[in-house]
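Below, each chain spelled out in residue letters.
Number of protein chains: 2
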Amino acid sequence: MSETVKYLLPEEKIPVSWYNIAADLPEPLAPVLHPGTGQPIGPDDLAPLFPMALIGQEVSAEREIEIPEPVRDVYRMWRPAPLYRARRLEQALDTPARVYYKYEGVSPAGSHKPNTAVAQAFYNREEGVTKISTETGAGQWGSSLAFAGALFGIDVSVFMVKVSFNQKPYRRAMMETYGARCVASPSEETESGRAVLAEHPDTPGSLGIAISEAVEVAAKNDDTKYSLGSVLNHVLLHQSVIGQEAIEQMAMADDYPDIVIGCAGGGSNFAGLAFPFIGAKLRGGTAVRAIAVEPAACPTLTRGKFAYDFGDTGHLTPLVRMHTLGSTFVPPGFHAGGLRYHGMAPLVSHLVELGEIEARAVHQNPCFAAGLEFARTEGIIPAPEATHAVRVTIDEALKCKEEGVSRTILFNLSGHGHFDMAAYDAYLSGNLEDKDYDHAELDSALAALPAVAAE
Amino acid sequence: MSETVKYLLPEEKIPVSWYNIAADLPEPLAPVLHPGTGQPIGPDDLAPLFPMALIGQEVSAEREIEIPEPVRDVYRMWRPAPLYRARRLEQALDTPARVYYKYEGVSPAGSHKPNTAVAQAFYNREEGVTKISTETGAGQWGSSLAFAGALFGIDVSVFMVKVSFNQKPYRRAMMETYGARCVASPSEETESGRAVLAEHPDTPGSLGIAISEAVEVAAKNDDTKYSLGSVLNHVLLHQSVIGQEAIEQMAMADDYPDIVIGCAGGGSNFAGLAFPFIGAKLRGGTAVRAIAVEPAACPTLTRGKFAYDFGDTGHLTPLVRMHTLGSTFVPPGFHAGGLRYHGMAPLVSHLVELGEIEARAVHQNPCFAAGLEFARTEGIIPAPEATHAVRVTIDEALKCKEEGVSRTILFNLSGHGHFDMAAYDAYLSGNLEDKDYDHAELDSALAALPAVAAE
Numbered sequence: 001m002s003e004t005v006k007y008l009l010p011e012e013k014i015p016v017s018w019y020n021i022a023a024d025l026p027e028p029l030a031p032v033l034h035p036g037t038g039q040p041i042g043p044d045d046l047a048p049l050f051p052m053a054l055i056g057q058e059v060s061a062e063r064e065i066e067i068p069e070p071v072r073d074v075y076r077m078w079r080p081a082p083l084y085r086a087r088r089l090e091q092a093l094d095t096p097a098r099v100y101y102k103y104e105g106v107s108p109a110g111s112h113k114p115n116t117a118v119a120q121a122f123y124n125r126e127e128g129v130t131k132i133s134t135e136t137g138a139g140q141w142g143s144s145l146a147f148a149g150a151l152f153g154i155d156v157s158v159f160m161v162k163v164s165f166n167q168k169p170y171r172r173a174m175m176e177t178y179g180a181r182c183v184a185s186p187s188e189e190t191e192s193g194r195a196v197l198a199e200h201p202d203t204p205g206s207l208g209i210a211i212s213e214a215v216e217v218a219a220k221n222d223d224t225k226y227s228l229g230s231v232l233n234h235v236l237l238h239q240s241v242i243g244q245e246a247i248e249q250m251a252m253a254d255d256y257p258d259i260v261i262g263c264a265g266g267g268s269n270f271a272g273l274a275f276p277f278i279g280a281k282l283r284g285g286t287a288v289r290a291i292a293v294e295p296a297a298c299p300t301l302t303r304g305k306f307a308y309d310f311g312d313t314g315h316l317t318p319l320v321r322m323h324t325l326g327s328t329f330v331p332p333g334f335h336a337g338g339l340r341y342h343g344m345a346p347l348v349s350h351l352v353e354l355g356e357i358e359a360r361a362v363h364q365n366p367c368f369a370a371g372l373e374f375a376r377t378e379g380i381i382p383a384p385e386a387t388h389a390v391r392v393t394i395d396e397a398l399k400c401k402e403e404g405v406s407r408t409i410l411f412n413l414s415g416h417g418h419f420d421m422a423a424y425d426a427y428l429s430g431n432l433e434d435k436d437y438d439h440a441e442l443d444s445a446l447a448a449l450p451a452v453a454a455e
Numbered sequence: 001m002s003e004t005v006k007y008l009l010p011e012e013k014i015p016v017s018w019y020n021i022a023a024d025l026p027e028p029l030a031p032v033l034h035p036g037t038g039q040p041i042g043p044d045d046l047a048p049l050f051p052m053a054l055i056g057q058e059v060s061a062e063r064e065i066e067i068p069e070p071v072r073d074v075y076r077m078w079r080p081a082p083l084y085r086a087r088r089l090e091q092a093l094d095t096p097a098r099v100y101y102k103y104e105g106v107s108p109a110g111s112h113k114p115n116t117a118v119a120q121a122f123y124n125r126e127e128g129v130t131k132i133s134t135e136t137g138a139g140q141w142g143s144s145l146a147f148a149g150a151l152f153g154i155d156v157s158v159f160m161v162k163v164s165f166n167q168k169p170y171r172r173a174m175m176e177t178y179g180a181r182c183v184a185s186p187s188e189e190t191e192s193g194r195a196v197l198a199e200h201p202d203t204p205g206s207l208g209i210a211i212s213e214a215v216e217v218a219a220k221n222d223d224t225k226y227s228l229g230s231v232l233n234h235v236l237l238h239q240s241v242i243g244q245e246a247i248e249q250m251a252m253a254d255d256y257p258d259i260v261i262g263c264a265g266g267g268s269n270f271a272g273l274a275f276p277f278i279g280a281k282l283r284g285g286t287a288v289r290a291i292a293v294e295p296a297a298c299p300t301l302t303r304g305k306f307a308y309d310f311g312d313t314g315h316l317t318p319l320v321r322m323h324t325l326g327s328t329f330v331p332p333g334f335h336a337g338g339l340r341y342h343g344m345a346p347l348v349s350h351l352v353e354l355g356e357i358e359a360r361a362v363h364q365n366p367c368f369a370a371g372l373e374f375a376r377t378e379g380i381i382p383a384p385e386a387t388h389a390v391r392v393t394i395d396e397a398l399k400c401k402e403e404g405v406s407r408t409i410l411f412n413l414s415g416h417g418h419f420d421m422a423a424y425d426a427y428l429s430g431n432l433e434d435k436d437y438d439h440a441e442l443d444s445a446l447a448a449l450p451a452v453a454a455e
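If you're matching them up, the sequences are chains C and U in order. For the first sequence, the working numbering begins at 1 and goes up steadily by one. For the second sequence, the working numbering begins at 1 and goes up steadily by one.
None of these hints come from the bench; they were simulated from the model. A virtual CB, placed ideally from N, CA and C, is assigned to each residue, including glycine. Do not rely on the hints blindly, as some may be mistaken.
[What the hints assert, rightly or not] Example chain U residues on the side facing chain C (calculated, C-beta under 10 Å, incomplete):
hint, residue
1, I65
2, P68
3, E69
4, D73
5, E176
6, T177
7, T377
8, H416
9, H418
[Said to hold, decoys possible] Coverage of chain U stretches by chain C, computed from C-beta distances (three or more under 8 Å per stretch; other residues unrestricted):
hint, region
10, 102-110
11, 146-157
12, 161-175
13, 365-376
14, 420-433
Make a model of the complete structure from these sequences and hints.
Printed below as a string of structure tokens:
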């Protein structure tokens, strides 16, 4: 009997268009607001930061947006990504559940992030942009944009959250190998960075701060645009290749998920897998439970407020309606994963409010325990972020065992952990900090949410 | 026009048998000798170290040896491995050469090593073995055997060359994540290790020393066998899946290599790609140039002697005829790669002597330069070992340009460099040591070769 069950699609099955869930929403997203006027912003407000093609995708209501051939051509390097049945894990758990995972770690950068990095680099090059600034948390995004920049001849500068910059020197080396520049954030290179350093010289940094720095550089330099690796509608759009391929692969398996699971920091890998399934349901198709898993150390969906907030700490971005812990919230530096953002993709937040997505928060030690169990059965070491999805997958599979029912569970193994072995090392030696949350600190950041007329 | 050209085989095309080049040799290999008697050894001499199935493969003259179904089943996790045409690299070099590479970094451990680790773990389990001891240089082998041990329920202990143990803590963490035990070699755990430490407390270690430790543990413990990740005939045999797949994939490309290139430390990834092509030639097929690339810091094929020598520093192994720098040779610790073995696979050595393989030695800074050029065009960051193959591939492609001729070049991209970013970092910051060789030191190790009656 074969224990390895892998579903591979031929190259022609790389999707020809991205799937835009905005077309299928029962209620539209709340508008993005200008922080000064409180009025909805237009394309011109975003033009200093993004090429027009991406601004168009950000507000599009078309269900399908064609993937340009040069982007599909780069996708061919690693796509279609494999989908596996986790039989060895099922056997170890002795569960009646059928567990599947889509593996996005096969990209050169080792995660799902290149799906959008390649698209963004392409559209920037098409509009003559030669420099892009961005931020990165754990480094998966920064190295993915560095990779894409190398292919499309664009100079990439990355502001990397300081705690990760120090924890993960090899991620910086990876960005530099691809030819990008990487600095620790907050840095002395921007007003936003200097302001934070003046007040908190020892800050571990945060994605919110790093975004401020990257946005500031783009806003102040005509030859530079900005790029974000998650949260925004067009980013989630590009990730839809994951779920579209998975639907085809589940059909090859003659199966369909009862539950779809992904980890959620900004929301893009979760949405990439889940939205095509949720969209099918919204259009009258098969029901599916979608579970977004976040870290207990940064519980945006489970403890945050659904409100208008800034995307960054320096308040340079427009206001978006989303689940947020407050833009002044700095998640604790102890957490090993890259899921340390105060906000959440507006599309994911909206669908949580509509009851289409469940949210769950988990602690990191149980996540690493799940990562170990997965590595020792399925052979792939999951990135710390992805262990959150593995944890809840195992929990749901064990629940099937308890209840004596078989369910089909599909999760997104968004990346491998090769650059995160220091975190595994800390876990294995019992040194991984994992405390319960300080509620007072959460509440004070939430109290500082901006007052917005439109609310 | 498509720039990404990838040749994928369906799962059914995973080879059903390994290819054994011993069947096609114009002259047989010299026998392996017992160091005490100087007489050829028999299976019983090796029985304390290896399961009988592997001893049988070591001396087999059968051309095809069936791959057991449970081994093929694990291969399915990542095999068949892709073969790419490197069009972006060709364009950057502006060469008329057609460059292809077989990519073995898609395995869970990130290199070609699991091809044999899985087979070895399987045969050990079949014969009731519960513990395996081994050595590792850069860590690719140790983590691959740890991975295979996890799948087949075998406890794995790894002696890791001390300089790599210190340079690459994440490799150790990877082995531990898979459930293996990893100690720095020389260690205090064996007589061999203690003897070296007594004389050279600050030694960086070497594969020769680590082999002594691992062999000693297996020889002294009835429940423990020994496993080697390269050099031996059965290891090269298992790697033949690489070249067998590549032959099919080159046929898909309607092309055939004029030149086949691989890096060579112990010889297994080179042999894995090249032997099926060399074998076809030996059986009257198409001519092919095969180039084995070694580091100038450990120039076994280009500066060593073809002679009987021990496989280890502690002289616990039988004597094999191979190219060797002398078993007392300790390669300089500065070298970033895993190609630091004093000897070479007897089969590779033999074929060099027969004129079927060319050898070339290269310095590591030009190798990393080639690795960078490859990463920025093809997207994949090569392991330092594999950059040796990339270097000579680029050199040969540029020679095609100079000469105005098109040749087909195929090389083995044996693994990715995710665990070696510290070496890339050192290269990028100009801190990678790369000196010319101390000839006197080489000559003194060569002078200490054992006198063997049979020679």
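Original post:
Which of the numbered hints above does this structure break?
Top reply: 1 and 2
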